[in-house]
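Chains E and H supply the protein sequences, listed in that same order. In this text, residue positions in the first sequence follow our numbering: the first is 1, and each later residue adds one. In this text, residue positions in the second sequence follow our numbering: the first is 1001, and each later residue adds one.
Everything labelled a hint here was simulated from the structure, so no lab data went into it. These numbers come from a predicted model, not from an experiment. Every residue, glycine too, gets a C-beta built ideally from N, C-alpha and C. Certain hints may be false.
Stated by the list, open to error - Away from chain H, derived, C-beta distances all over 10 Å, residues of chain E:
| no. | residue |
| --- | --- |
| 1 | 4 |
| 2 | 6 |
| 3 | 15 |
| 4 | 20 |
| 5 | 53 |
To be verified - Here are the computed distance ranges between Cβ atoms for each label pair:
| no. | chain 1 | residue 1 | chain 2 | residue 2 | range |
| --- | --- | --- | --- | --- | --- |
| 6 | H | 1068 | E | 68 | 41 to 51 Å |
| 7 | H | 1101 | E | 82 | 20 to 30 Å |
| 8 | E | 55 | H | 1101 | 30 to 40 Å |
| 9 | H | 1099 | E | 2 | 32 to 42 Å |
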Amino acid sequence: QKEVEQDPGPLSVPEGAIVSLNCTYSNSAFQYFMWYRQYSRKGPELLMYTYSSGNKEDGRFTAQVDKSSKYISLFIRDSQPSDSATYLCAMSNSNYQLIWGAGTKLIIKP
Amino acid sequence: GAGVSQSPSNKVTEKGKDVELRCDPISGHTALYWYRQRLGQGLEFLIYFQGNSAPDKSGLPSDRFSAERTGESVSTLTIQRTQQEDSAVYLCASSRTAGQPQHFGDGTRLSIL
């Protein structure tokens, strides 16, 4: 079993929909949780950075961490075609070594 | 430049050859990381440098892989006697210090024939 599980998709939704992306993990020691966006042939770009449990909002993006369920989510409101990318979750129990999900490919249809 | 720069962007080489990949971190960033990303998979940690401290090499998959960094500047990742399973995208990231968000370059796409 992988430490971090993420559905590879693809997830296809119409423009304007609310998107929900999720990861589950097995290591209860993880304290730092991140979401990255990766466009084709580009490096990952940090979207959200959360320490411990709770919610964090930034514009159209909301990150949630439920440590009791070992489950994290990223919500995208009013999705746009430019949001089409692969979304990677990453987490850590130290301050630098990240464990990554495989990424979910998201397609926003105009 | 403003971001992390990696070169070359693409590299095709024959099995058994050595390759050297370069990473220029963001100026002032003391922490530098190398990752490997195979097609359809998440990032695999390879090595971490923090300032002048001894690097964390725990992710290097074999002794064919090595990396160097001089101070807080450029890093090179070297793969000796390349094998077909080394084909992947090699990503470099830097951060102001350990624990700060990591900023990535666009990677080197390595193909071993």
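Inset, instruction - Could you tell me which of the numbered hints above are not met by this structure, giving the numbers in increasing order? - result: Hint check: 1, 2, 8, 9 fail, others pass.
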